[in-house]
Amino acid sequence: MYKRPVIMISEKRDTPLDIGNSAFSLSRRFSVAPMMDWTDHHCRYFMRKLSKHALLYTEMVTTGALLHGDRERFLRHDETEHPLALQLGGSTAADLAACSRLAQEAGYDEVNLNVGCPSDRVQNNMIGACLMAHPELVADCVKAMRDAVGIPVTVKHRIGINGRDSYAELCDFVGKVQEAGCQSFTVHARIAILEGLSPKENRDIPPLRYDVVAQLKSDFPGLEIVLNGGIKTLEQCSEHLQTFDGVMLGREAYHNPYLLAHVDQQLFGSTAPVISRYDALESMRPYIAAHIASGGNMHHVTRHMLGLGLGFPGARRFRQLLSVDIHKAENPMLLLDQAAAFLQGH
Numbered sequence: 306m307y308k309r310p311v312i313m314i315s316e317k318r319d320t321p322l323d324i325g326n327s328a329f330s331l332s333r334r335f336s337v338a339p340m341m342d343w344t345d346h347h348c349r350y351f352m353r354k355l356s357k358h359a360l361l362y363t364e365m366v367t368t369g370a371l372l373h374g375d376r377e378r379f380l381r382h383d384e385t386e387h388p389l390a391l392q393l394g395g396s397t398a399a400d401l402a403a404c405s406r407l408a409q410e411a412g413y414d415e416v417n418l419n420v421g422c423p424s425d426r427v428q429n430n431m432i433g434a435c436l437m438a439h440p441e442l443v444a445d446c447v448k449a450m451r452d453a454v455g456i457p458v459t460v461k462h463r464i465g466i467n468g469r470d471s472y473a474e475l476c477d478f479v480g481k482v483q484e485a486g487c488q489s490f491t492v493h494a495r496i497a498i499l500e501g502l503s504p505k506e507n508r509d510i511p512p513l514r515y516d517v518v519a520q521l522k523s524d525f526p527g528l529e530i531v532l533n534g535g536i537k538t539l540e541q542c543s544e545h546l547q548t549f550d551g552v553m554l555g556r557e558a559y560h561n562p563y564l565l566a567h568v569d570q571q572l573f574g575s576t577a578p579v580i581s582r583y584d585a586l587e588s589m590r591p592y593i594a595a596h597i598a599s600g601g602n603m604h605h606v607t608r609h610m611l612g613l614g615l616g617f618p619g620a621r622r623f624r625q626l627l628s629v630d631i632h633k634a635e636n637p638m639l640l641l642d643q644a645a646a647f648l649q650g651h
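Counting from 306, one number per residue, gives the positions in the sequence shown under this note's numbering.
Fair warning: there could be bad hints in the mix.
BS3-like mimics (lysine-lysine), calculated; alpha carbons at most 27 Å apart, straight line [to be verified]:
hint, residue 1, residue 2
1, 537, 505
2, 522, 537
3, 357, 537
4, 481, 448
No wet-lab data here; the hints were simulated from the structure.
Given the sequences, and given the hints that come with them, work out the whole structure.
Right under this line is the structure:
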């Protein structure tokens with residue numbers, strides 16, 4: 306068993322931990338994963354209609370894009386999206402520190418470092434899962450980020466990468482990053498294979514190893530460990546929460562968003578009524594209308610809502626109305642009315 310000294314945080318898993326440079330309470334009991342091309346501000350606005358307590362993450366933003374690109378666009382979010390974390394991709398400590406300051410100034414509740422993305426494109430820039438081979442560099446980056454801000458700095462990573470996938474190497478990585486001050490780790494329970502597999506294949510082909518993450522939690526009891534990978538139901542979430550401090554869902558939360566409508570009641574003990582599918586869609590009407598009025602395309606928003614019709618008779622037509630027909634409609638809001646009709650009473 307690994308025996309690196311740990312910083313004790315809390316023995317309770319049913320209450321939020323204080324993670325960060327100050328007494329800042331932020332619950333990671335349930336979160337929605339950062340997903341490229343999916344978790345933009347429209348998506349997050351919609352998801353917040355379904356759950357008030359789920360922690361939401363942005364798409365990964367690289368330090369180069371934030372420092373030299375359209376900063377306002379990358380940091381854009383609505384106040385209703387909180388609690389909200391910005392995920393950064395990068396490996397230069399000074400740049401990550403500067404971007405962390407921008408995140409804090411923009412009002413984000415957390416900044417997260419991506420050490421899990423396996424794509425070739427980001428590897429070439431020393432971003433993502435390839436950084437697991439360089440724990441000292443990640444530790445330097447985390448220390449610089451923590452020194453720069455008062456909001457929590459967290460890390461999302463895999464259980465290893467090909468060629469560096471032993472449990473001892475995982476503990477070495479977590480231990481060194483912990484010593485730099487990181488106290489919350491979100492762990493995708495698969496290794497990343499950095500050659501020969503696409504990012505999509507890396508989400509499915511490497512086997513899930515929840516047992517490895519459970520051992521990590523056992524050996525680092527003072528760290529907050531959030532489990533990610535392959536979780537599909539809230540029942541599974543509840544089961545995993547017996548072992549881990551939090552759970553993170555990705556694709557399932559996106560493709561079946563109504564699952565989020567039950568998160569507050571089932572995982573946070575909320576007594577508020579569960580929003581209906583129909584009311585969830587209708588609650589987006591003012592936002593969609595404002596987006597269109599500002600020159601935006603309705604599809605920018607509704608593409609994230611297609612899963613509301615999952616499992617219903619007419620689901621295919623529901624999706625077609627909100628993804629295909631709106632491109633040729635003179636009045637796309639009328640199509641929203643037609644789509645809403647499929648959800649009446651549900």
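How the hints compare with the structure:
For the hint pairing residue 537 with residue 505, the CA-to-CA distance comes to about 17 Å; that is within 27 Å, so the pair holds. For the proposed pair residue 522 and residue 537, the alpha carbon gap of about 21 Å is at most 27 Å, so the pair holds. Restraint check for residue 357 and residue 537: satisfied, since their Cα atoms lie roughly 20 Å apart, inside the 27 Å limit. For the hint linking residue 481 to residue 448, the alpha-carbon distance of about 11 Å falls within 27 Å, and the restraint holds.
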